[in-house]
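Asker: The chain contents come next:
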Amino acid sequence: MSGWRILQALFARELRLVLRGGHLMPVLAFVFICVILMPFGLGPELSLLQRLAPGLLWVIMLMAVLLSLDRMFQADFEDGGLDQLMLLPVALEGVIMAKISAHFVGILMPVLATMPLAGLLLNIRADTVMPMLATLLAGAPALVMLGAIGAALAVGVRRAGLLTVLIVTPLYVPVIVFGAGALARAMAAPGTLDVAAIAVLGLISAASIFLAPPAIAAALRAGLR
Amino acid sequence: MLERLENLSALYANPHRFMKLAARLHAPVWSVALVVLALGLFMVSGVPDDYQQGATVRIMFVHVPAAWMALFAYSFIFFASLVAVVLRHPLGYLAARAAAPVGAVFTLVALVTGALWGQPMWGTWWVWDARLTSVLVLLFIYLGYIALWEAIDDYGRAARATSILAFVGFVNVPIVKFSVDWWNTLHQPASVSRFARPALHADFLYPLLVMGVAFLFLFLAITLTRLQMEVLRQRLRVRQSEI
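So the sequences go chain by chain: A and B.
Counting in the working numbering, the first sequence runs without a single skipped number right up to 1141 at its last residue.
Counting in the working numbering, the second sequence runs without a single skipped number right up to 771 at its last residue.
Think of the hints as simulated: they come from the structure by calculation, not from any bench.
One or more of the hints may lead you astray.
Here are the in silico distance ranges between beta carbons for each label pair [claimed, not checked]:
hint : chain 1 : residue 1 : chain 2 : residue 2 : range
1    : A       : Met1025   : B       : Ala551    : 37 to 43 angstroms
2    : B       : Trp654    : A       : Pro942    : 31 to 37 angstroms
3    : B       : Ala538    : A       : Leu968    : 57 to 63 angstroms
4    : A       : Arg1141   : B       : Ala538    : 20 to 26 angstroms
5    : B       : Leu733    : A       : Gly1077   : 44 to 50 angstroms
Positions of the beta carbon are idealized from the N, C-alpha and C atoms, including for glycine.
Construct all of the structure, not just a fragment, from the sequences and the given hints.
Answerer: Written out as structure tokens, the structure is:
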């Protein structure tokens, strides 16, 4: 079997595991609970919620990614599957990308798809939905890749949830600064798309897609020896 | 050339030899640190009051060197991890682990003195501008690094994982340094590193540089002492596992 076929089979398996494993529901529930709690905390004044909605949804998506990181490597580490994946005749970086892609498609894309609906609950302005989705889409790969670095570093540590969050949050700050900046510019000029800022966000995502896998592979090898 | 470097570094890879060297360096480094610190504080006490800021400008002589050391300590961790991974020098991991809490404390001192200075100067304890945010992020990188060392039980695994984290987190250091140039916000941009004509008057520049050197030697002294402690702790770990 060629390397590419192995990776395709791996991606299909991971996707099936994600979809059957019931990992999506808790994350979606978390997103909606956060969205529902916001008006309680901020007050139900619609104009305020409208101003804050895109930024709030960015932070909620970031926290949803943090929440889902647990399942990336931990289960496979515990039952020995990770050792087997590292022994495959394909590069470990390829295996990692297959896993992360399945995670992204299975969990994050549904979350992104529900963002407009969540925005509706926060009275988001209709012409800010597209810019918000564009920035979220441009920034989501970076969030997943950087999160995977943290998940790989903490693999095998018992109750690693808080440790992963502590490691990953400093890496997220540049992404969220650019994302929020792009969003703010989009809100200031409604109906337009701030291509420059989204391009920077896309650049960070692309860079993380290329630079994170070797770091993740090194972290997994360090954790499994 | 890499082989030559490896042979050179192998010289002090033996903990016994290193401890003998460290014992000889211990007193001189601490003496220099304390003497230069005393000199620096003396010079600071003689600094004239700023016409705008009054006497509170003296916070600068603690705040700025602390910030310099916060960045220097992380670079130290980065290079120590590099030496450990590339040259396979065992003390590299221990040096990085030794320097981490020191760097974290310098970062905290920079943030707190900055807040104390910012309140009379800008009217606010904290603001989310580029430099303050990235230094706060630096503090969390230190805390994450220390937490990772503590979380993993096996020393070898912890050493390798934390070195990876050190490399990944190093991206933040140029961001902190240049953030004030890229995003022109509240914090003042660089005044000292313009070598041709630093924007600071000599009355303020020289005490600042002396305090900078004092903090550097303080960092080196504390890290050296902690490194000796880490070697002893490693010895203890080995003995305990032999029982």
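Asker: Which numbered conditions among the earlier hints are violated in the structure presented, ordered from lowest to highest?
Answerer: When the structure is compared with the hints, only number 1 turns out to be violated.
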